[in-house]
Amino acid sequence: MAMTSSGGEPRDREPQDGKRSGASGSGSVRSRAGLLDDRRPRPVWSRDFALFFVARALARLGETMLPVALAAGLLRYGYGVGAVGLAMAASAAPFAGLVIFGGVIADRFSTRRLMIGADLVRLVAQSIAAALFFAGHVVLWQVCLIGAVNGVAGAVFQPGVASTVPRLASDIQGANGAIRIAESAAQLAGPALAGLLVAFASAGGVFVAHAGTYALSALCLLLLRLPAAAPASRTHSSGFRADLAEGWREFRSRTWMWAVIVIWCVYMISVWGPTVPLVATEMVRAHGPRAYGLINSALGAGTVVGGLVALRLRPRRMLRAGSLALLAFACFPASVGAGFGVAAVSACAMIAGAGTSFWGVMWATSVQTQVAPDVLNRIHAYDVAGSLAMMPVGQALAGPAAAALGADNVLLVAGVMSLVVCAALLSVPAVRDLVRVDGPAPRSPDTTAAPREGALRPPGPHKTGARPPV
Numbered sequence: 001m002a003m004t005s006s007g008g009e010p011r012d013r014e015p016q017d018g019k020r021s022g023a024s025g026s027g028s029v030r031s032r033a034g035l036l037d038d039r040r041p042r043p044v045w046s047r048d049f050a051l052f053f054v055a056r057a058l059a060r061l062g063e064t065m066l067p068v069a070l071a072a073g074l075l076r077y078g079y080g081v082g083a084v085g086l087a088m089a090a091s092a093a094p095f096a097g098l099v100i101f102g103g104v105i106a107d108r109f110s111t112r113r114l115m116i117g118a119d120l121v122r123l124v125a126q127s128i129a130a131a132l133f134f135a136g137h138v139v140l141w142q143v144c145l146i147g148a149v150n151g152v153a154g155a156v157f158q159p160g161v162a163s164t165v166p167r168l169a170s171d172i173q174g175a176n177g178a179i180r181i182a183e184s185a186a187q188l189a190g191p192a193l194a195g196l197l198v199a200f201a202s203a204g205g206v207f208v209a210h211a212g213t214y215a216l217s218a219l220c221l222l223l224l225r226l227p228a229a230a231p232a233s234r235t236h237s238s239g240f241r242a243d244l245a246e247g248w249r250e251f252r253s254r255t256w257m258w259a260v261i262v263i264w265c266v267y268m269i270s271v272w273g274p275t276v277p278l279v280a281t282e283m284v285r286a287h288g289p290r291a292y293g294l295i296n297s298a299l300g301a302g303t304v305v306g307g308l309v310a311l312r313l314r315p316r317r318m319l320r321a322g323s324l325a326l327l328a329f330a331c332f333p334a335s336v337g338a339g340f341g342v343a344a345v346s347a348c349a350m351i352a353g354a355g356t357s358f359w360g361v362m363w364a365t366s367v368q369t370q371v372a373p374d375v376l377n378r379i380h381a382y383d384v385a386g387s388l389a390m391m392p393v394g395q396a397l398a399g400p401a402a403a404a405l406g407a408d409n410v411l412l413v414a415g416v417m418s419l420v421v422c423a424a425l426l427s428v429p430a431v432r433d434l435v436r437v438d439g440p441a442p443r444s445p446d447t448t449a450a451p452r453e454g455a456l457r458p459p460g461p462h463k464t465g466a467r468p469p470v
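Residue numbers (full-length UniProt numbering): 1 to 470.
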């Protein structure tokens, strides 16, 4: 795969897959030399990676401001915990449901243009939300509709992220670690900034700032010059449905991947889904939006630490190390459920953030180095869809569960389930024993081939084009 030069300019040509074997003479020598050049370590940073780095940081800044705006804004206008969870689920549900199709689209069109278009759509949507909150005319279904538009745009945007990183940097783990630090720094600043905007202005001001992050992200992506992708091993004349089915075949042939996704569905419905709205509403009610902003900033500081550790630590079995680090998240929801003070919850949030961030780098790097680039967008889309499929369910059920059991008990259960999920990840041999690969995976010679012999299959139907068990 092509990489940027030291000055950030895209290379004019890339070695063809066919020249890596079966060639002779000087052409073969040049091809092998080019391959060796591609394997030489190169620094992560370039002009184009810096632009992508800033774009991801800005997007994360807006995302971490949104829960504060929704919690404070909806509570101010008389809505409760259930409404906050529903508003969050309204964005997550279409994102999880449509991101698979976004992956197919990303493999057929320019990922950069798709990401720019998605940012512009979200810019308009959040501007409308700001107008509603400034006008004081806040209707829940309208807030949910705006969230759904954001979710659809996100489903188009997200698949291209995974394939962009290997095109900009040869040290994929280093690039993912740097991006994680940028996103974490944004998470550190975003909630605190949102809390200040709510306190001194209104929730509408947060939505204005959120819209601005999408505008700046789109500008960075507009200035980005991506190296040309290597020629695909096949044309896209097979059609949209065939590409979708091929992505599913590639996904289900990787035991380590679908096993993590199945377990992650449990994590989303029992841990992350209820934790986000319940922590937001409980801390805002008990201590105010500034305290919640402080806690989220502590979570962001922890993720910065986790990203820094991921830059230095290169475990041979990445998912095993990541699963062990993820154990740290359990203390965050449990501390809120146990009624700890702001300082103690902030400390637990920082520990949780470090563990979650390290897991995220290990997982993203595993996907980007173990999967061939010609199917990476689709594989990543299945990864994202499966990972997030149950999150809107968990968010939507957070309110009813809190009403029936008490928010503190639901958060304590979330802490216990976080430990259970990590134990489940470590119990799968294909997950705990996956050996790291440095550099992008080689392009698959035949992406339409059947899954490799001996590969385990997930439960459910295995007919061509069958829906994944999400």
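Hints listed in this document are in silico derivations from the structure and should not be mistaken for laboratory results.
Any given hint might turn out to be false.
Quick list of the computed label-pair ranges, beta carbon to beta carbon [claimed, not checked]: (1) V309 to L419: 18 to 28 Å; (2) S427 to V309: 42 to 52 Å; (3) A423 to R316: 18 to 28 Å; (4) P400 to G341: 23 to 33 Å.
We put the CB at the ideal spot given by N, CA and C, even for glycine.
Results of checking the hints against the structure:
no. : hint                     : result
1   : V309 to L419: 18 to 28 Å : holds (21 Å)
2   : S427 to V309: 42 to 52 Å : violated (24 Å)
3   : A423 to R316: 18 to 28 Å : holds (21 Å)
4   : P400 to G341: 23 to 33 Å : holds (28 Å)
In the structure shown, a violation is registered for the earlier hint numbered 2 alone.
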